[in-house]
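A.B. asks: Protein sequence lines correspond, in order, to chains P and Z. Residue numbers for the first sequence follow this note's numbering, so the first one is 1 and each next one is one higher. Residue numbers for the second sequence follow this note's numbering, so the first one is 1001 and each next one is one higher.
Quick caveat, the hints were computed from the structure, so don't treat them as lab data. Computed from a predicted model, the values in this text were never measured in an experiment. Every residue, glycine too, gets a C-beta built ideally from N, C-alpha and C. No incorrect hints appear here.
Here are the computed lysine-lysine pairs in the DSS-like style, where the Cα-Cα straight-line distance is at most 27 angstroms:
hint, chain 1, residue 1, chain 2, residue 2
1, P, K174, Z, K1381
2, Z, K1383, P, K174
3, Z, K1369, Z, K1381
4, Z, K1404, Z, K1383
5, Z, K1404, Z, K1381
6, Z, K1369, Z, K1383
7, Z, K1384, Z, K1198
8, Z, K1384, P, K174
9, Z, K1404, P, K174
10, Z, K1381, Z, K1198
11, Z, K1231, Z, K1198
12, Z, K1264, Z, K1231
Coverage of chain Z stretches by chain P, computed from C-beta distances (three or more under 8 angstroms per stretch; other residues unrestricted):
hint, segment
13, 1014 to 1021
14, 1374 to 1388
15, 1399 to 1411
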Amino acid sequence: MIPPIDVSTVKSFAPFAKLTSEEAARVAQLLEFQTLVRGETLFHQGDASETIYLIITGDMQILLQVPDHEDHHLVTFGPGTIFGEVAPLADEHRTATATALTEVSLASLAWSALESALENSERWAVKFLFHTSQILARRLRTVNTQFAATLAKIDSKSPSTPTHTEDELDSLRKRLLRDWSF
Amino acid sequence: MSPFEQTNHYIRQASQTMNLGARVEQLLLTPEGEHHVTVPIERDNGELAVFTGYRIQHNSARGPMKGGLRYHPAVDAEDVRALASLMTWKTALVNLPFGGAKGGIAVDPSLLSSGELERLTRKFVQRIGQQIGPQRDIPAPDMNTNAQVMAWVMDEYSRIHGFSPAVVTGKPLDLHGSEGREAATGRGVVFVAEEFLKDSGASLQNARIAVQGFGNVGWFAASIAHQHGAKVIAVSDVSGGIYRADGLDVPALEEFARVRRPLKEYQADGVSAISNEDVLLADVDLLIPAALGGVFTREVAFAVRARAIIEAANAPTTPEADEIFAERGIPVIPDILANAGGVTVSYFEWAQNIQCFRWTEEEVNQRLKQTLVSSYATVRKVKKQRNLTWRTAAFIVALGRVAKATVLRGI
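Chain Z with its partners taken away, still in its complex shape (with noise of 0.2 angstroms):
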């Protein structure tokens, strides 16, 4: 099943629910407009390139678009349209006046010199900048695109529209970004654990939890959840995992892989080396996959031990992988939610430039918590009410707001 696919099944699932019909289901499953442009930049050695960038927007019936924009070779329009949908039902779920998008370009970054990426990312936005603005469309950081990248986004449309800190979201710190940005994801993950396992009693003191992926979202989840006194006891990166049973020394981890380097050579007491997948099967009382999607296959879902999963990846529960969990009672905590502290700060960060304020770290960490505790507790009462899994309840509370929207403004 494609990645396009696999989000249509759930939104299929929560559209039967709520007895939505065909035709509004068709309606809020197809993206509003698709952009694919040619983006050519000369190399460093005077050679020409070409790429093929994308733009898709999915649904603007709650507000502008949002979305990310990546910059990896695998990009193509199933793909961004998948995402351009996601991001529709996050923003939705957290209740951001914000429709989805996502964008991207088939390019391998690593390739690329500076300077070259800087012309690539200009010339882009040369072609999709009819399509995008604050109040239309607005781009985020996403894979390997950071805020450098979106300072260039910002100049490049600012240099056609006026200055436009507002036209995208993720940027540097001293160009309009905002405090708590970059760790909202991972952030916002540990918000919504916390949460969780408030419902049964419990808190992330001395709770046992897995990560599977050291990005970003990955090690600000572990990180965070560290210093509200959890016991990571498993993390892996690409390279592969490290465990150990009373939990690992985080800050010295953090330290470790503060120069990139691979996390199977690190070395501690009572450390063993495992695998990447090994992590998925830890017995935890939380697993946290924040690397790719599509990790929880059929056969890994029968294998996992932990209590509960907390989505901080985009996708990593296949169809059958989910009911699976389903039927063995292990809850998931779906991606729309677990990982959307990160559209939610971009929201502050657009919020702040529509005004020109700025607000500290501490009023960012705080409206994030609040707006996700806010979302779980809508969630739960769906959840609750209905007997449902987390993830349709989830999908239920997107889809309905987008519907409603859609219904009140009329066709």
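One chain only, chain P, in its complex shape (with noise of 0.2 angstroms):
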């Protein structure tokens, strides 16, 4: 039997926090209950997306599978977290691959649940779809700043910046004219 989830569950993720009662409890109808193993993948990369998560209990791995390489772990999400979002938003497939790093129990949410609600303004959806943007939008600054960090590390290991060498033939040009002229 999947135990409801109720109002104060919903109420514990951030974009919902401020709902009222009736609010989260019209969210909590919504929603769907879950349970991971240790180990199980929630969805692969590349996947079809139309849902979001919403982690109640343990954590999860988000990987981003690179061919070639090894996977590379983008991310581990705790309780409290709302993840799956990009995909759908951006109406695409997945863009990485989540699995349960501990049992993992967590609430799903339609997609076209948050969008028929989006269609009639209910605040929730409103504050959900808000609160969103606000997390991609510190994603993409994080992302940002790794971006330049990474092109100065390129830039300064790059044989295109001669300066070593003309340093070195320059300086001993200038001491060999000035110290050993006979």
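Hints given; two lone chains; assemble the complex.
C.D. replies: Right, dumping it as structure tokens:
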């Protein structure tokens, strides 16, 4: 028997923290409870994406699969986290793989339910969308910073910056002409 | 220590004093190119004979490369490489617009007929014809090669590239050779010796000298020193040495040696026979080693009684002996300065060929003196300023000039 999701569980998720009890109860109706055993994969990179997930207990690991390389560990999500919202937002397939690191209990929200709630201007849906936008904005900023750091690293290693050789030759040239003229 | 390592040892010493750094040092020590060729000839009896020839081009930063061509059974890449490097420093030290190279064929020329020697030389020139040239690399005589061999080199090269007397030096006087070339190395040794003695208020007049080796260089050095009033008290060749406390009769000795008789057979009043090594231990003002390399070992260096050493031969002093001489306060005028007269007049020959002009012997000798006196003064200045040995000072001047040309041209 799947235990129902109560109002306080709904309100423990940041986007829903400030909902009224009625609004939270409405969300609870739309959520479906689900459990995963350790190591179970929730979805694979490339799967169709129609669902958003909310972690109630346990940890989920998000992996990026790179051809001919080991999986790149993107992030680990814990309880209270909402994930899986990127692909349906962009109308894309899953961009990463989600695997349970521990036993996990989570709630899933169908993307179609969110869409119809938005069309009806339900307050919880607007709040949820706004919150998701904030998270995506923060992630974009982190990625930008990392990208700039990577560029700087590549730049300093690049052989197309011959400053060292020029310095060595140039300083030797000056020193020889200054100290060792015969 | 191999000859190449020995030369490199002295270069590193100078490089460290100048603080050039490991990368520049490596660049300056390594030859630019090495050409190993197979030289087949048909013997007079119809047999095929195959020899190995080398032309190793060490450095061209300061100009076309210059260096001798030797025919000797012991010639190998290691040996030629060391001598090529030495040429780079020698031409730089006396400030000729040349780099350094060396070549040779592993062959015992005494086993070849004149015709075989000619065919060997021509085949070798065909093999290295693209590597040498008046503005690229200019060979010269060395051990067991002479003006006739150089004439063949010139002719064979000219056959391929058109008339090119400047492709080789040490040619016969009647074939675009230079006056004064034959005696140049020996004469240069005496010019340098004269300058050195002047420094201590002395002169060649009545200076007591000993010469080991009575080949081209030793012969002319002894003879010209004698003309300047020096007393040659000991000389030797491979057969052994002779000694006379009041000085040998040099003109009589020359007459005797002209027909290539061994020196130990020479007999005259007051002349005693000594061993080849005893010549190195003679009590003299100037000791002139003019034979082989490596004669001053550690043991010999402790026993030397001379006031100073002028290195007419290439690399006669091992690094251990060099340190002992430095500790004992015996000045050693290094080979790259003392025997640079030969390459200097080779340069004059090349310059005359390039200009299609001839100088008199007086002009050649006067310019030779000018070149060596000014090189000596430069080395002396660096030695005194920085309190170095003559050798380190000389290598610093040489290395400095090559390094400057290299960095000014850019890599």
